[in-house]
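*Asks:* Each protein sequence line maps, in turn, to chains V and A. Mapped onto my numbering, the consecutive letters of the first sequence carry residue numbers 1 to 276. Mapped onto my numbering, the consecutive letters of the second sequence carry residue numbers 1 to 276.
Hints were generated in silico from the structure; no laboratory data involved. Any given hint could be a false lead.
Said to hold, decoys possible - DSSO-like cross-link-like pairs, simulated, lysine-lysine; straight-line CA separation at most 27 angstroms:
1) V:271 with A:249
2) A:201 with V:249
3) A:249 with V:219
As the list claims (entries may be wrong) - Coverage of chain A stretches by chain V, computed from C-beta distances (three or more under 8 angstroms per stretch; other residues unrestricted):
4) 14-20
5) 30-43
6) 71-78
7) 106-119
8) 140-147
9) 251-259
The beta-carbon is built from N, C-alpha and C at its ideal position, and this holds for glycine as well.
There are 2 protein chains.
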Amino acid sequence: MKIGIIGLGLMGGSLGIALKKRYPSYQLIGLDHNTLHCSQALELGLVDTIASTLESIVECDVIFLSIPVDGIIAALQTLKSVKPECTIIDLGSTKAKIVASVPPLIRKNFIAAHPMTGTEKFGPTAAIEALYQEKVVVLCNLEESGEHQQKTALKLFRDIGMRIVFMRAAEHDRHAAFISHMPHALSFSLANAVMRQEAAKSITALAGGGFRDMSRIAKSSPEMWVDVFRQNKANLLTSLEHFSEELEKCRQMVQDEEWDALNAWMHDANKLHDIL
Amino acid sequence: MKIGIIGLGLMGGSLGIALKKRYPSYQLIGLDHNTLHCSQALELGLVDTIASTLESIVECDVIFLSIPVDGIIAALQTLKSVKPECTIIDLGSTKAKIVASVPPLIRKNFIAAHPMTGTEKFGPTAAIEALYQEKVVVLCNLEESGEHQQKTALKLFRDIGMRIVFMRAAEHDRHAAFISHMPHALSFSLANAVMRQEAAKSITALAGGGFRDMSRIAKSSPEMWVDVFRQNKANLLTSLEHFSEELEKCRQMVQDEEWDALNAWMHDANKLHDIL
Numbered sequence: 001m002k003i004g005i006i007g008l009g010l011m012g013g014s015l016g017i018a019l020k021k022r023y024p025s026y027q028l029i030g031l032d033h034n035t036l037h038c039s040q041a042l043e044l045g046l047v048d049t050i051a052s053t054l055e056s057i058v059e060c061d062v063i064f065l066s067i068p069v070d071g072i073i074a075a076l077q078t079l080k081s082v083k084p085e086c087t088i089i090d091l092g093s094t095k096a097k098i099v100a101s102v103p104p105l106i107r108k109n110f111i112a113a114h115p116m117t118g119t120e121k122f123g124p125t126a127a128i129e130a131l132y133q134e135k136v137v138v139l140c141n142l143e144e145s146g147e148h149q150q151k152t153a154l155k156l157f158r159d160i161g162m163r164i165v166f167m168r169a170a171e172h173d174r175h176a177a178f179i180s181h182m183p184h185a186l187s188f189s190l191a192n193a194v195m196r197q198e199a200a201k202s203i204t205a206l207a208g209g210g211f212r213d214m215s216r217i218a219k220s221s222p223e224m225w226v227d228v229f230r231q232n233k234a235n236l237l238t239s240l241e242h243f244s245e246e247l248e249k250c251r252q253m254v255q256d257e258e259w260d261a262l263n264a265w266m267h268d269a270n271k272l273h274d275i276l
Numbered sequence: 001m002k003i004g005i006i007g008l009g010l011m012g013g014s015l016g017i018a019l020k021k022r023y024p025s026y027q028l029i030g031l032d033h034n035t036l037h038c039s040q041a042l043e044l045g046l047v048d049t050i051a052s053t054l055e056s057i058v059e060c061d062v063i064f065l066s067i068p069v070d071g072i073i074a075a076l077q078t079l080k081s082v083k084p085e086c087t088i089i090d091l092g093s094t095k096a097k098i099v100a101s102v103p104p105l106i107r108k109n110f111i112a113a114h115p116m117t118g119t120e121k122f123g124p125t126a127a128i129e130a131l132y133q134e135k136v137v138v139l140c141n142l143e144e145s146g147e148h149q150q151k152t153a154l155k156l157f158r159d160i161g162m163r164i165v166f167m168r169a170a171e172h173d174r175h176a177a178f179i180s181h182m183p184h185a186l187s188f189s190l191a192n193a194v195m196r197q198e199a200a201k202s203i204t205a206l207a208g209g210g211f212r213d214m215s216r217i218a219k220s221s222p223e224m225w226v227d228v229f230r231q232n233k234a235n236l237l238t239s240l241e242h243f244s245e246e247l248e249k250c251r252q253m254v255q256d257e258e259w260d261a262l263n264a265w266m267h268d269a270n271k272l273h274d275i276l
């Protein structure tokens with residue numbers, strides 16, 4: 001089995017490690033427009049060989065697209081000559097625009113997936129073996145994919161230890177805005193609010209675990225996240241509205257010294273952890 | 001040496017474990033208005049004995065106040081009969097109102113401290129040995145405390161592995177709003193924004209590490225945090241304004257599709273981690 005991985009950053013690189021561990025005999029072929037990433041991926045053993053062009057990867061049995069969403073949409077247009085049994089799996093953070101962009105000729109070959117995992121680090125050196133273990137992967141509009149491709153994708157994700165959730169692409173994008181995209185906007189805003197204070201260094205000298213947790217994802221790649229915000233603009237704006245409504249409630253209760261109501265509102269927030 | 005710990009929750013209980021480990025011969029006397037907490041603290045070995053009233057604890061050489069800020073202010077009024085060499089250390093999350101409330105009679109006995117540590121859990125069963133290790137403790141207005149009390153507090157905090165930062169109470173409260181209080185308001189708001197969605201369960205089924213980190217402190221005790229928000233109202237409102245200004249910038253750039261500006265703004269946020 002030949003597996004192509006397009007994009008050798010955190011997601012693609014970690015996938016290489018996980019696949020290699022589970023299937024030592026499979027051949028892993030990497031591709032990345034960044035030549036430093038290619039040599040790092042080889043050195044770190046994330047893939048076995050590097051392909052020089054997208055066209056040379058079409059012979060693979062499985063092709064993973066672990067690049068920003070815009071890149072996925074562009075790459076799909078150039079993958080029309082894959083083998084009939086080829087399975088193309090994208091790992092993009094938004095799904096509706098990607099699914100809508102798949103050329104009809106390869107729609108059966110295509111699987112829309114979003115692994116709900118990551119760290120704030122990026123590039124091949126950020127790749128870790130455990131990234132996918134016991135994490136959720138969302139598969140969207142699966143009935144539009146071929147039967148062989150469905151089986152192949154399910155087996156691969158299960159074999160690297162993932163839990164599978166099925167969802168419509170539009171539903172995925174709405175939910176992902178709340179669970180991932182909007183929280184990134186909050187973390188970036190928190191980091192900037194502190195950084196713009198004159199006393200930023202004295203403030204961060206006091207940072208405990210809470211602040212470190214809240215600001216961790218503010219380290220994330222701007223290139224990746226601008227792309228996600230663009231692709232999921234409408235849902236992101238809606239989720240931001242819902243957040244801002246809650247924050248304004250909080251601000252107003254503090255302003256008006258409505259401490260009992262604030263207490264009740266915090267108790268409501270505590271309940272999240274009954275379902276999480 | 002007799003050490004009294006008033007409040008046997010996460011902070012007081014963890015302090016008991018840390019002190020017991022460092023000074024096996026010291027006698028630790030606990031006090032808590034919650035009788036279940038008292039019996040749990042004894043069972044878990046957080047303290048050696050339980051005192052029945054605040055008055056019976058005044059004979060201690062050191063008294064820690066690890067209760068909500070309002071409780072600290074009330075307790076200080078009843079501790080006027082401590083021994084001249086007694087060191088009273090409060091661990092409250094805000095400092096200006098506490099410092100202002102100390103009866104002049106015991107001002108030399110008093111040390112205002114804020115350990116920048118915690119977890120989202122609370123009560124004696126949440127106590128852990130490592131809570132204070134290698135964490136920062138802020139000591140405020142230290143020159144107003146007696147020389148013996150300064151030495152005693154510095155030694156105790158250093159002996160349990162803490163790094164010490166000195167600050168004026170007003171400055172502490174401004175900084176703590178940014179680094180701790182406002183982030184709690186964000187986390188509670190995020191949790192409520194998700195919980196009020198019809199599809200809350202489907203949304204949280206997708207939660208990855210980012211969301212778990214951002215919503216962790218939304219599990220925190222409403223009783224404690226209403227108290228903190230009340231005590232630090234003005235600074236909290238100011239820090240919320242600064243946050244909201246950044247979030248609104250982000251929202252506006254997404255709305256107007258100013259992707260280059262958004263990219264630059266995210267790069268600014270990345271810089272937090274150069275100083276954190």
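*Asks:* Each hint should be assessed against the structure and marked as holding or not.
*Replies:* Consistency of the hints with the structure:
1. Annotation: proposed proximity of residue 271 (chain V) to residue 249 (chain A) is violated, straight-line Cα distance about 31 angstroms (limit 27 angstroms).
2. Of the pairs offered as hints, the one joining residue 201 (chain A) and residue 249 (chain V) holds, with about 23 angstroms between alpha carbons and a cut-off of 27 angstroms not exceeded.
3. A C-alpha spacing of about 18 angstroms is found between residue 249 (chain A) and residue 219 (chain V), which places the hinted pair at or below 27 angstroms, so the restraint holds.
4. Under a criterion of three residues with beta carbons nearer than 8 angstroms to beta carbons of chain V, the stated coverage of the stretch 14-20 of chain A fails, only 0 such residues being counted.
5. With 0 residues having a Cβ less than 8 angstroms from any Cβ of chain V, the stretch 30-43 of chain A misses the three-residue criterion, and the hint is violated.
6. Coverage of a stretch by a chain is defined here by at least three residues with a beta carbon nearer than 8 angstroms to that chain's beta carbons; for the stretch 71-78 of chain A and chain V the count is 0, and the condition is violated.
7. Evaluation of the coverage hint for the stretch 106-119 of chain A: fulfilled, as 4 residues show C-beta separations to chain V shorter than 8 angstroms, against a requirement of three.
8. With a cut-off of 8 angstroms between beta carbons, the stretch 140-147 of chain A has 0 residues touching chain V; three or more are needed, and the interface restraint is violated.
9. Counting residues of the stretch 251-259 of chain A whose CB lies closer than 8 angstroms to any CB of chain V gives 5, which reaches the minimum of 3, so the coverage claim holds.
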